Amino acid sequence: MLIKELTLAEGISGDEFDIRNKIKTEINNNLFDVFTDSMGNLFATKKEKKESINVMVTAHMDEVGLMITLINDNGTLKFKTIGSIDERVLASKRFFIGPQLIPGVIGTKPIHLLEGDEKKQPLKAKELYIDIGCNSKEQAQQLVQPGDYAYFDTEFIEMENQMIKSKAFDNRVGCSLIIDLLMENYNINLQACFTAQEEIGSRGAGPAARRIKPDCTIILEGTTCCDVPHTEGHNIVAKINGGPVISIIDKATIANRKFFDFVTEIAKKNNIKYQIKEGIYGRNDSAPIQASENGIPTIVISVPCRYIHSPSSVMSLNDYNETAKLIKALLNELNYEIIGG
Amino acid sequence: MKELIKKLTILNGVSGNENKIAKAISEMIVSNVDEIKQDSMGNLICVKKGNGKRIMLAAHMDEVGIIVTHIEENGFLRFSALGGINHFYSLYQKVTFDNGITGVIGYEENISEIKNIKLANMYVDIGCKSYEEAIGKVKIGDSAAFTGDFVCDGNRIISKALDDRCGCAILIELSKRLKNCDKEIIYTFTTQEELGLRGAKTAGYSINPDVAFVLDVTAPGDTPKSKPSPIKCGAGPIIKIMDNASIINPKLKDLIIETAENEGILYQLKVSNIGGTDAGAISLSRDGIPTASLAIPCRYLHSPVETIDIQDVDNMIKLVESVLNKI
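Sequences listed follow chains L and W, in order.
Heads up, the first sequence is in my numbering, so the first residue is 4 and it goes up one at a time.
Heads up, the second sequence is in my numbering, so the first residue is 2 and it goes up one at a time.
In case anyone wonders, no lab produced these hints; they're calculated from the structure.
Quantities reported herein were computed from a predicted structural model and do not represent experimental measurements.
Just to be clear, a hint being listed does not mean it is correct.
Said to hold, decoys possible - Straight-line alpha carbon distances no greater than 30 Å define the calculated DSS-like cross-link-like pairs of lysine-lysine that follow:
hint	chain 1	residue 1	chain 2	residue 2
1	L	K331	L	K7
2	W	K54	L	K216
3	L	K242	W	K119
4	L	K96	L	K123
5	W	K119	L	K123
6	L	K216	W	K24
7	W	K95	L	K254
8	L	K328	L	K271
9	W	K24	L	K261
10	W	K21	L	K271
11	W	K38	L	K216
12	L	K216	L	K261
13	L	K261	W	K38
14	L	K53	W	K38
15	L	K83	L	K127
16	L	K261	W	K8
17	W	K21	L	K261
18	W	K140	L	K328
19	W	K21	L	K254
20	W	K228	L	K254
21	W	K254	W	K180
22	L	K261	W	K95
23	W	K24	L	K254
24	L	K272	W	K138
25	W	K138	L	K254
26	W	K8	W	K233
27	L	K254	W	K119
28	W	K119	L	K127
29	L	K242	W	K138
30	W	K140	L	K271
Unchecked claim - If the Cβ cut is set under 8 Å, some of the chain L residues that face chain W in the computed set are:
hint	residue
31	G236
32	H237
33	I257
34	N259
35	I279
36	E281
37	G282
38	I283
39	E296
40	N297
All C-beta atoms, glycine included, are put in the ideal place defined by N, C-alpha and C.
Construct the complete structure from the given sequences, taking the supplied hints into account.
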């Protein structure tokens, strides 16, 4: 399964080499011009040009993770989070560190020794360390350097009801969708872009938009859904098996209204179940793209993912397939009239 | 002028949904300009052609409001803020949707202390009894503006959305007066200012003017126990030396102050480290654009009872007209 390969690839923000190479291998044929820019964004453009609009479809390649900042005298490693990670998910997790993929774990004080409030308070990242089994700084330095990235060591699992579990569905699910999209033909010029460094402030997307200067952009994402116990209806954001999530607003953008209305119309016309993202949460590559130069109409379409930014994210292949259907229908029907003016 | 401000403030144009305002302004300004266009962010760009310098005058069309984020089974709506709305102001206000539906903002009755209220615990009551009934009237993503009648009492104007329809009105009046000016003037009505100067960013880029003036409103310090500030309503238009988004271009500052002194126009200087206007985004466009931020003192900002003094508006028009003639 493509999405399995993609989620297990490494690619924390700023270190997208492995995931970029995996994607390149997938799209390596003579139909595309493939190019990587100085930020690490990967572009794929069909060689055949049509007399039509240029539609950029983006998904960010990078995932959240850790970076080693210091090697302690006892051979353990200090780290900082790269991208937003709920620090409560870190304890007792396994990691691969650096280019040599050195295995390590985040250890905590055993429960037997915890006193009073210690039992109630979640541990902060700065109180944690990674144990790679070394017992001195000198030994650890042979294996790991400050600046090395630490990746969640996790498995891809197929669960009941077409549900799958892995790390980095945010946003390898978007990358996988684009690779699927590239294999078909449309009436528009499709400009695929796999962006870098989204998780640390959408740093790749701005330069990508200014390079491509598209007529409009579809941003594909894996987005949060909180359809879980103890959450009130108005805080759920999106639901598993509710279909593609279309964003009307997030913390940094409001979707181009005409574009948004068109997307929901296409979904209805093609009997594709969709949901509108509820609440104003998060931000993504749409912000720098929409505000690029003279402004670019953007829309964000996401696959709902539970427990994102953790090594145990869960999503549904049904949602994946419905999202793919919606985007293909969109690409077949987009025209100047919709995105102009 | 009062009539023009009334026409603009009674319309609703919450951030991201400024089309009604854009349409009304287009109709009011069309005979004074040569070209009108709207970009993908919704900015309304009205160009009066001319030789000489290209001058951008900007005011934002959007007002603060709310956006529907969820519809409950029993027909009540949950919402988020569009722009900096105060939760104390919001409670028990009326809001109006684009299709004319009126809602009332209430709060969950289990909140024990008023100081703990949050927007997240409020809802909009549109008088519907079920999800099905509500979805027939309002959709997720629909926005609504606060209801705030226009009142004119002597020199005092009270209304919602004076931030920044009074800036828009000033631009329209200037377009009448500067019809025969030899310079190129680009009257720019921006979008989504209240969400972080978003429209001005692309407008500044595409217009790429030689110089820009941003007209907005700003809080005075003349009400009981207000934050200390020498700014007063009725004491003249404000030249914003500094706020949290920009510092005025020094040449423009000198030019504006000199003009006001020579023409005997009242003015006030404001130095602050909070708030920001479209000047922040425009001044950083391209290679940098010399920009000045001017403002009308306005009490109770972002509430349905924003209050200004019409004399400040008249003086602002005089000041900007005189400055433009001197550039």
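Okay, the hints, checked on the actual structure:
{"no.": "1", "hint": "L:K331 - L:K7", "verdict": "22 Å, holds"}
{"no.": "2", "hint": "W:K54 - L:K216", "verdict": "28 Å, holds"}
{"no.": "3", "hint": "L:K242 - W:K119", "verdict": "25 Å, holds"}
{"no.": "4", "hint": "L:K96 - L:K123", "verdict": "19 Å, holds"}
{"no.": "5", "hint": "W:K119 - L:K123", "verdict": "27 Å, holds"}
{"no.": "6", "hint": "L:K216 - W:K24", "verdict": "28 Å, holds"}
{"no.": "7", "hint": "W:K95 - L:K254", "verdict": "25 Å, holds"}
{"no.": "8", "hint": "L:K328 - L:K271", "verdict": "12 Å, holds"}
{"no.": "9", "hint": "W:K24 - L:K261", "verdict": "16 Å, holds"}
{"no.": "10", "hint": "W:K21 - L:K271", "verdict": "27 Å, holds"}
{"no.": "11", "hint": "W:K38 - L:K216", "verdict": "20 Å, holds"}
{"no.": "12", "hint": "L:K216 - L:K261", "verdict": "20 Å, holds"}
{"no.": "13", "hint": "L:K261 - W:K38", "verdict": "16 Å, holds"}
{"no.": "14", "hint": "L:K53 - W:K38", "verdict": "28 Å, holds"}
{"no.": "15", "hint": "L:K83 - L:K127", "verdict": "11 Å, holds"}
{"no.": "16", "hint": "L:K261 - W:K8", "verdict": "26 Å, holds"}
{"no.": "17", "hint": "W:K21 - L:K261", "verdict": "15 Å, holds"}
{"no.": "18", "hint": "W:K140 - L:K328", "verdict": "24 Å, holds"}
{"no.": "19", "hint": "W:K21 - L:K254", "verdict": "24 Å, holds"}
{"no.": "20", "hint": "W:K228 - L:K254", "verdict": "29 Å, holds"}
{"no.": "21", "hint": "W:K254 - W:K180", "verdict": "25 Å, holds"}
{"no.": "22", "hint": "L:K261 - W:K95", "verdict": "28 Å, holds"}
{"no.": "23", "hint": "W:K24 - L:K254", "verdict": "27 Å, holds"}
{"no.": "24", "hint": "L:K272 - W:K138", "verdict": "22 Å, holds"}
{"no.": "25", "hint": "W:K138 - L:K254", "verdict": "26 Å, holds"}
{"no.": "26", "hint": "W:K8 - W:K233", "verdict": "26 Å, holds"}
{"no.": "27", "hint": "L:K254 - W:K119", "verdict": "18 Å, holds"}
{"no.": "28", "hint": "W:K119 - L:K127", "verdict": "27 Å, holds"}
{"no.": "29", "hint": "L:K242 - W:K138", "verdict": "23 Å, holds"}
{"no.": "30", "hint": "W:K140 - L:K271", "verdict": "15 Å, holds"}
{"no.": "31", "hint": "G236", "verdict": "6 Å, holds"}
{"no.": "32", "hint": "H237", "verdict": "4 Å, holds"}
{"no.": "33", "hint": "I257", "verdict": "4 Å, holds"}
{"no.": "34", "hint": "N259", "verdict": "6 Å, holds"}
{"no.": "35", "hint": "I279", "verdict": "5 Å, holds"}
{"no.": "36", "hint": "E281", "verdict": "5 Å, holds"}
{"no.": "37", "hint": "G282", "verdict": "5 Å, holds"}
{"no.": "38", "hint": "I283", "verdict": "5 Å, holds"}
{"no.": "39", "hint": "E296", "verdict": "5 Å, holds"}
{"no.": "40", "hint": "N297", "verdict": "4 Å, holds"}
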